[in-house]
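Novice: Each chain, written out:
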Amino acid sequence: GQQVMQIPQYQHVQEGEDFTTYCNSSTTLSNIQWYKQRPGGHPVFLIQLVKSGEVKKQKRLTFQFGEAKKNSSLHITATQTTDVGTYFCAGPVDTGGFKTIFGAGTRLFVKA
Amino acid sequence: DSGVTQTPKHLITATGQRVTLRCSPRSGDLSVYWYQQSLDQGLQFLIQYYNGEERAKGNILERFSAQQFPDLHSELNLSSLELGDSALYFCASSRAGSTDTQYFGPGTRLTVL
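The listed protein sequences correspond, in order, to chains X and R.
According to this note's numbering, the first sequence is numbered sequentially starting from 1.
According to this note's numbering, the second sequence is numbered sequentially starting from 1001.
All clues given are correct.
Footprint (simulated), chain R over chain X, 3 or more residues, beta carbon under 8 Å: (1) 23 to 34; (2) 42 to 50; (3) 100 to 106.
Below, in silico cross-link-like pairs of lysine-lysine (DSSO-like), each with a Cα-Cα straight-line distance of 27 Å or less: (4) R:Lys1009 x X:Lys36; (5) X:Lys36 x X:Lys56; (6) X:Lys36 x X:Lys59; (7) X:Lys70 x X:Lys59; (8) R:Lys1057 x X:Lys70; (9) X:Lys111 x X:Lys57; (10) X:Lys111 x X:Lys36; (11) X:Lys51 x X:Lys36; (12) X:Lys36 x R:Lys1057.
FYI, nobody ran anything at the bench for these hints, they're computed from the structure.
Just so it is clear, the structure is predicted and the values come from calculations on it, not from any experiment.
Every residue gets a Cβ at the ideal spot worked out from N, C-alpha and C, and that includes glycine.
Construct the entire structure; sequences and hints are all you get.
Specialist: Okay, structure coming up:
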């Protein structure tokens, strides 16, 4: 079935290193959303991308939406220990009615 | 604080039992979603309600059911509980449809012994 796939599943980095997680859909998405879940917490909305090729920045975080609107990435520059958590992408998938499908998430570990 | 409230925060029960989880959406939000998250796993979409009506269904077991009431709060009923049902259950709400930003509640941690 239609899925939203996310890689890698885990990423260990040294504090100060960069980090990127990738999200791919088998179908074109009308938008892509990114969420962050801290350990023991609940998912928190970060950003939504709508336009083909869109790039948005939030401080050290850069979000991109692919030209074909089938893939997206989240890049963190110079990670900090506060960046730890799981990053999920999510996109609306048409299954006879739209529903938002979440990727499996990328869990980021940052070593001080 | 997302504005979405869930009760209870923790629930411990035995196999075969039935429990009800409750969710109050953000003020003004019409859609409510339920998700299951097992230990260190992703978010499994269970079901969505919009303004009192079922809008979309995911991998929800037949032992599970949900409803959204006229005041827009929602309840998720889990029956004939099994050990494997132990998980975090999140409720989320959005303004309207499935493509809107979802705001998650703090979750209910269910432990089935």
